[in-house]
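> Here is how the chains run, residue by residue.
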Amino acid sequence: MVLEAFLIVAAALFCIGIYGLITSRNAVRVLMSIELMLNAVNLNLIAFSNYLDSVEIKGQVFSVFVITIAAAEAAVGLAIILSIYRSRDTVDMEQFNLLRW
Amino acid sequence: MNLGEGVEVVSLVILAALITGAAMGVVLLPNIVYSAFLLGLVFLSMSGMYLLLNADFVAAAQILIYVGAVNVLILFAIMLVNRAEPYKTIKGGVLRNLVTGVVCVSLFSLLTYTVTTIQWHTSYAIAALPSTIVVLAKHFFSDYLLPFELVSVLLLMALVGAIILARREFVPDAIAIGYPQEEALELLERPKLPVADRS
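Going down the list, the protein sequences come from chains A and X. Just so you know, we're using our numbering here: the first sequence kicks off at 1 and counts up by one. Just so you know, we're using our numbering here: the second sequence kicks off at 1 and counts up by one.
With the rest of the complex left out, here is chain A (with noise of 0.2 Å):
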């Protein structure tokens, strides 16, 4: 039963993440949004990694590889944020419209 609820909470917080990341004007507040299903991913791997692999742990690996591609994703990300702030002087994703057509 328990395995249940770890993973309802960590669905409900991937749709928490998508409804941010497609609707937050703030280029900042999507990238909190991809920090938010990033961690449902990791609350998933672990939840599983106790309750159908307790011997060897690999969900908890894998978890710990997910921490790292999230915080390097994290830096490039706020570094790119930063570098089009200065070029278009806005934070509003609705102006990058720099790749668009």
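Derived list of chain X stretches under chain A, where covered just means 3 residues or more per stretch with a C-beta under 8 Å from a C-beta of chain A:
no.	segment
1	51 to 63
2	81 to 94
3	107 to 119
4	137 to 149
Keep in mind that the hints were calculated from the coordinates and are not lab data. Where a beta carbon is used, it is the ideal one built from N, C-alpha and C, also for glycine.
Given chain A, put chain X in place with the hints provided.
Leaving out everything else, chain X in the frame of chain A:
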């Protein structure tokens, strides 16, 4: 149900309420500084979830990396780019939010239905490991050695890339307008004027 299970259930309920409420605050609050601090609360309660799942090393790494590094980085980015700007209302924005909300709620109900109807073959005798750090270190240095080293290379690449992207790039014509060039080891940067003003 003994005392330990009761404490587990109560802390699971409290942590789940904290996580979902703070995540809603991150997404929905208009002030982005509040959302950044609520994001830290989400990360902290997520590490509590990891402690409930017997993952002590990952919980410590979560607090160190997410709360200590990523959240502080996001706060610094907000301080660098935060300027009160009224967002122009776009055509069909309310409709887009509604459609996204419907899609997210239906995705959540689909996931919940799938999770609750599947018969999970969980092993209810959870193995009592001596320490998760020993098991994780054995994995990292035997069968996951190559991804471990690749991740370290990727972290170095992300570090260099973030510095390259965030610094004002140096162009040689800055020398011609009297930029000092005698310091050989200095990281040369463009003079400090915003790019939008020059074009």
